[in-house]
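Undergrad: One-letter residues, chain by chain:
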Amino acid sequence: MFENLVLAAPELFTLSTMMLMMVGTVAGLLAGAVPGFTIAMAVVLVLPFTFSMSPVQGLATMIAVYVGGLSGGLMSGILTGIPGTPSSVATTFDGYPLARSGQPGLALGIGVWSSFFGGIFAALVLMLVAPQLALIGLEFQPVDYFSLIIFALTVTASLAGDQMVKGLMSGLFGLLIATVGSDVVFGQPRFTFGIDRLEQGFAFLPVLVGIFAFGRLLGDVNTSEKAHQPLGGETHVVHINYLAAAREVLSRWTNVLRSSAIGVFVGVLPAAGSTISNVLAYDQAKKASKEHDEFGKGAVDGIIAPEAANNATAGGALIVMMALGLPGDIMTAIMLGALLIHDVIPSPSFITDEPTIAYSIFLAFFVANFMMLVLQSFTLRGFVLITKVKLYMLTGVILFYCALGMFALNNISWDMWTLFFFGILGFLMRALGFPVVPLVLGVVLGSIAEARLSQVFARSDDIMVFLTRPWSLFFLLLACFSIVFPIYQKHRGKAWWAGFYPSLLLIVMAYPVFLMPGTIRPVAAGLMVLAGLIIAVLHLRRDRTPQSAE
Amino acid sequence: MKINALAVKGMLAGIASIFAVSATPAQAAVELPCSTAKLIVPWGPGGGTAVIFGIFEKAIEASDAPTKIKVVTMPGQGGGAGAKEAHAAKPDGCTLFAIHQHLVVNYINGVTDFSWDGFEPVAMLTDTPEIIGAGGHVDYDDLEGMLAAAKANPGGIPTGVSMGATSHFLWIMLGAKTGTDFQYVPFQGGTAGRITGLLNGSIDLGGINMAAARTQRDDGALKAFAIAADERSDLIPDVPTLKELGVDMNYSLTRGIMLPKGTPKEIVDYWAEVFKGPTEDEGFVAEQAAKGTAVVYLGPEEYQAWWKDTEGDFLDAAKELKVGRFQ
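Read top to bottom, the protein sequences are chains A and B. Positions 1 to 550 (this note's numbering) are the ones given, in order, by the first sequence. Positions 1 to 327 (this note's numbering) are the ones given, in order, by the second sequence.
One chain only, chain B, in its complex shape:
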């Protein structure tokens, strides 16, 4: 979470334009034993990850890359089922794995016995900051009010999360930073169910997505207290960042690509180049921005460094609160 997403984006845009020309030679160097590689998405079709990588699939299909990709959805066990399948795959570059922080969360919860280091990081691609949301029915109107209510009623405010998943850790981390605790109500299986819960009042708090924050606030159905990023979003400029409000925390879903452990470095570099292509396309970047997702490209080495930092943050929070395997 220490990555300064937007700053990196701006910096990379500059660097990318310099190196854009050198993209092609690396592609010719490797020959893969397949004409189409399988990209495992460990969630269901229609979900955020499947849609984002569906767009990558189209873009790579249209590019001159010799090997195309096909998104294969493999839902189950909060992303763990797909992770196990990808972990066990042959490291020949024909099986790729689409991923965000759930990999570390799965490890903490004991769903998998490997963390990010069970894979070879290839490239970070997109970054979607979380938005702290609430149902329209709650009494408070800002983060301060929310934290005060949580302190007055420790572990009592019903908060919709996917138990043991990234949406759960959002609140665990917020709790660790602000000395608060919430009552977690299991809304497994994604943001849509959680937003229903907020709308009908069966929960008070929960992470919401950009689509809901943009459209459901005008008539008071939902509230958004803060965005867990470095800068405010152009799409919802009235929502302050957590840092502005005095909570030193960023939290976003950062999606990227991994390969099975032991994949040769040339193949890792090859795929890193292939996925870089779409991230430099203006139309693609604009399309993602409209959904509250920033396109942030990091190559294999930087991506690995990012994983190390991120895992550290998660493990610290988990140890402090004694969750999962640290009970």
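Bound conformation, chain A alone:
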């Protein structure tokens, strides 16, 4: 491995490549920070320039844009409450409240460092176990995907918080919206009521931007008084204490590791990538945290989880692209196109056949994360100035960019109307106390779930495959535990039976893990059962000892 790194280093560390990567990172940061501009757009814009570069140089530039974009989203997410990209939706849940409560510097610092650590984690995984990990991506058949999405949908229950019924309504409504338009298989129109325009359906990005950006801004400027206030309330200087933020993030290293691992895992699966991983990681952080009541009000863990996860997902997607030649998300799809132009074809033997290019990609991803860290601190200084802008001006500017970005995505003017309708819908839903995140999740996951399910049933009508395939069973069981989790959380430490939840979880989940191929996972299943039994026994013994503090 080291000789390959030595081979790759002189390819990458040239003055021109470093300059291009810096420019790319800044471009990514800016595109990520502007709501409505997506990372994919930025990578597409860079693509033609890379035609005339060497493969290493072109790839390095695109990776820089990708990493910059993933981190740029946190700036607007934390300061304005509007996610700059779909990858930082969950960052707004706690980042914005923390910034509003007078600690924008801390919130931003934590976001930047979490992005960095998530990226570095993924870079290390990329270098050490890329081929092995990529094979896990190949184990996923349509059946398994569908179950994974069912599990992801159960996250709505915990995101809804106290508003359980309204949250579920919102999630189901999202699934319904995803069915409007052309059906995913044959392109037949449905739920269009004869309106030609509706055949385009509601693309998920305009829905997301409409709900989060337009809907939120409408609520922010609903009185003339509010509209004339600057975004940051009374002006105060935003000071970012990087050292304190880094210490804070490192002291919660379990969260960083867990979220990064979730990020890499989701990245390895060719699905919706960081759009899903940031929400999943947030949910897991909330479930694992002892102070879960703080979530939604400015919890530090609530910022760490999504930001570590979305940068780590990029690493996962790169693994699959290089080891299998398959794109995990739209960004890697474009990079793959760029590689093919140079007649470099990723495949299972790519890393051994083309070590210079492969290891340059690893290194570039590593370096891009450092560049992001340094350049972010500069762009942030400019970006925090927007907290001094009066809201009515900011609203106009943001809406302009959102509409522009949505149109530029697919060049379909209907997408701007989607943005408009869902902005109003988002405003009304917020006013009536409906959580909007489940709706967005429903729209994102609905069409993926449908496509996967149609693949399953095109082969056979037998629904038993959902239970006989290990990964599918794994996620369905996990979904069951996820659904009852809020009940467990309520009774934790109070009811006797609630103490068995962790051991039951471990023992039940061990079964599908045991069924998986190889030797490592069945052994891990044995350890899970053992751990589950130990926890159960400890719980029983603790129960027998009389409780002193009543």
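By construction, these hints were calculated from the structure, which means they are not laboratory data. For glycine and all other residues, C-beta sits at the position ideal for the given N, C-alpha and C. One should not assume that every hint holds.
Rough simulated footprint, nothing fancy, chain A against chain B, three-plus residues with beta-carbon under 8 Å [what the hints assert, rightly or not]: (1) 50-63; (2) 232-238; (3) 264-272; (4) 281-291.
Some chain B residues near chain A, calculated using beta-carbon distances under 10 Å [claimed, not checked]: (5) 44; (6) 111; (7) 201.
Start from chain A and add chain B according to the hints.
TA: Frame of chain A, contents of chain B only:
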């Protein structure tokens, strides 16, 4: 599909060298109302069509053509969304449409109510033959074995296709020629997803691209049974053609440029000349060849004739199998 791609290529290379000098005068004759024309690609960024025309965009940018082009991707409805947009565009030469056989397939499936004749053909540019592929896990090792298995299990072999798209018609036509039928599993949205399906065993058969055929066969992850062209490819010389194996069929994705119906002939000829430029560049041809794509230039008249033949083939297969609007 009756076009003998490689033979035409060789012939054209000869003709092109004679006429190369006469390219410039036609360009000066027309003045367009725009400095940059929009080239609608009806699929997503990063896809095969977008990449190929991205290279054309660069080449035209570098040429002395007074009007440049900009690729605009417009995915949706299996290419139908972009087709409708281009169909409705003003016929002033400022909106171009990048296209392959999906136009006829969209028509057959009722996605659009116009076929190729809703446009003015400008030029055929590239030709990418389809490769009949299979996952490494299947029992048979050649086309004969595959067809035998399909006959033993009619409509039972899971085959990944983009429903109602060109990758679907590959198998419909093969089925019509060989008396076989397959079980179609919807893998919408391109070759990459289909290849994943073949690798992980969720489907047995599917069309694969040159990149996969070149790199994924050594370790037995994929198999390639035949290439649907007149001659074997230099890149994968061990893969026989369908014709060698006794199936009289060619099938390739043939990409070209169209203009909205009613565009004046001078403008059509003007663009035909502009796009001809890159196809005569050796570097460009080599770059495409590495991806299994042959550069095949046909001017407006020949391209129109080609569309007529191609549509005939597709409609015959569709009527025979009663698919789409012929149900």
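Undergrad: For each hint, tell me whether it holds in the structure or not.
TA: Right, here's what the structure says about each hint:
Here the region 50-63 of chain B counts 6 residues with a CB under 8 Å from a CB of chain A, which clears the bar of 3, and the coverage holds. Closer than 8 Å: that is the beta-carbon criterion, and the region 232-238 of chain B has 0 residues meeting it against chain A, so the requirement of 3 is violated. Requiring three or more residues with a Cβ within less than 8 Å of a Cβ of chain A, the coverage given for the region 264-272 of chain B is violated, as only 0 such residues are present. Counting residues of the region 281-291 of chain B whose beta-carbon sits less than 8 Å from any beta-carbon of chain A gives 3, enough to reach three: the coverage restraint holds.
The beta carbon of residue 44 of chain B comes within 7 Å of a beta carbon in chain A, closer than 10 Å, and the hint placing it at the interface holds. Interface restraint check for residue 111 of chain B: the shortest CB-CB distance to chain A comes to about 6 Å, inside 10 Å, so the restraint holds. At a threshold of 10 Å, the smallest CB-CB gap from residue 201 of chain B to chain A is about 7 Å, leaving the interface hint in force.
In summary, the numbered hints that this structure violates are 2 and 3.
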